[in-house]
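Line by line, the protein sequences give chains A and B. Mapping of the first sequence onto our numbering: position 44 corresponds to residue 31, and the numbering continues sequentially without gaps. Mapping of the second sequence onto our numbering: position 164 corresponds to residue 151, and the numbering continues sequentially without gaps.
These are computed hints drawn from the structure, not numbers from a lab. Owing to the predicted nature of the structure, the values given are computational and were not obtained by experimental measurement. Wrong hints could be hidden among the right ones.
Note that identical chains are pooled: a pair holds if it fits in a single copy or bridges any two copies.
Claimed, not checked - Below are the EDC-like pairs computed for lysine to aspartate or glutamate, each with C-alpha atoms no more than 16 Å apart in a straight line:
id: 1; residue 1: K142; residue 2: D16
id: 2; residue 1: K145; residue 2: D16
id: 3; residue 1: K135; residue 2: D11
id: 4; residue 1: K52; residue 2: E132
id: 5; residue 1: K137; residue 2: D16
id: 6; residue 1: K135; residue 2: E81
Protein chains: 2
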Amino acid sequence: MRRVRYRVAASLDGFIAGPHGEFDWIVMDPEIDFAALVAEFDTLLMGRHTFELVQKSDRGFMGMKAIVFSRTLRAMDHADVTVVGENGADLVRELRAKPGKDIWFFGGGQLFSSLAQANLVDTVEVAIMPVLLGQGIPLAPQLVEAKKLKLARQKIYKAGIASLQYAIL
Amino acid sequence: MRRVRYRVAASLDGFIAGPHGEFDWIVMDPEIDFAALVAEFDTLLMGRHTFELVQKSDRGFMGMKAIVFSRTLRAMDHADVTVVGENGADLVRELRAKPGKDIWFFGGGQLFSSLAQANLVDTVEVAIMPVLLGQGIPLAPQLVEAKKLKLARQKIYKAGIASLQYAIL
């Protein structure tokens, strides 16, 4: 079955963005084979706030089908993505049951927590950047209960990035 | 020069204790040579809240000289430790200049942030436990500015603990 993978860069103290959404602390490591990584996925899943950041970025949707969770966006204004409102969890359940490549859960943290609570996220894969931010947008805010993980893969990059990939138990 | 090392267990999302001070999510790995680790240090540095937790623990001060930062504890009530009030940063400066083994900074996070801001902490050494807590006591709360790190050593333990040791730049 295809997996929903929360794949994200974080500071050592667990923030995925600075207090004002800053990403300037994220180190790009030339060792990382980004094309090979992207080839593992065919769908991007994200909340509205993350969607707005992705729209502004150079990288865009990386050729994938993009699904945005939002109660405020109007589908007719965003023909390039699928806007999902109330029944997002049902859609993720359907997507996981369909054949296809893996699904990249892009953020944000709050949406992660609600999907993880419904057992709809398979992995959390964090590239830990060599920085303490002290404040910012948390990796997994407002989980109702702690989630046990199993370390599945790890790699240390020369730039000092620790890539840790966990299965969510 | 001896170093001040913030050595702590944390969840993947950057908490050093649960919302009510819980430590039950911390995995002990028999692979870790605790005696060898303890032998690298001769002094424990901690805030008042951490001190109270250490007092209740079986491990205690592990044979080290213990220094507690507190404005409320009375030195006469705690003959087994050195209680430091207002001029804690000065004392840490003095300690670092004296010969001796390394100094284990035990917590809490807020005291870490204020000492790190004064450039009095040399390393942050985190044993990342395979868990997402979602809430709790942060690793480095209220840093006034982000702190860049340099990954110096790493080790993965069979229990799924990722030990990451950074120099604070």
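Results for each hint:
For the identical chains of this complex, K142 and D16 are intra-copy neighbours only, at 12 Å inside a copy versus 20 Å across copies, given an alpha-carbon limit of 16 Å. Proximity of K145 to D16 under the C-alpha cut-off of 16 Å is restricted to the intra-copy arrangement: shortest distance 8 Å within a copy versus 27 Å between copies. Proximity of K135 to D11 under the C-alpha cut-off of 16 Å is restricted to the inter-copy arrangement: shortest distance 12 Å between copies versus 30 Å within a copy. In this homomeric assembly, K52 and E132 never come within 16 Å of each other (Cα to Cα): the closest approach is 31 Å inside a single copy and 38 Å across copies.
When the C-alpha separation of K137 and D16 is checked against a cutoff of 16 Å, the pair qualifies only between copies, where the shortest distance is 14 Å, while the shortest distance within a copy is 25 Å. In this homomeric assembly, K135 and E81 never come within 16 Å of each other (Cα to Cα): the closest approach is 25 Å inside a single copy and 42 Å across copies.
Of the numbered hints given earlier, the model fails hints 4 and 6; all others are met.
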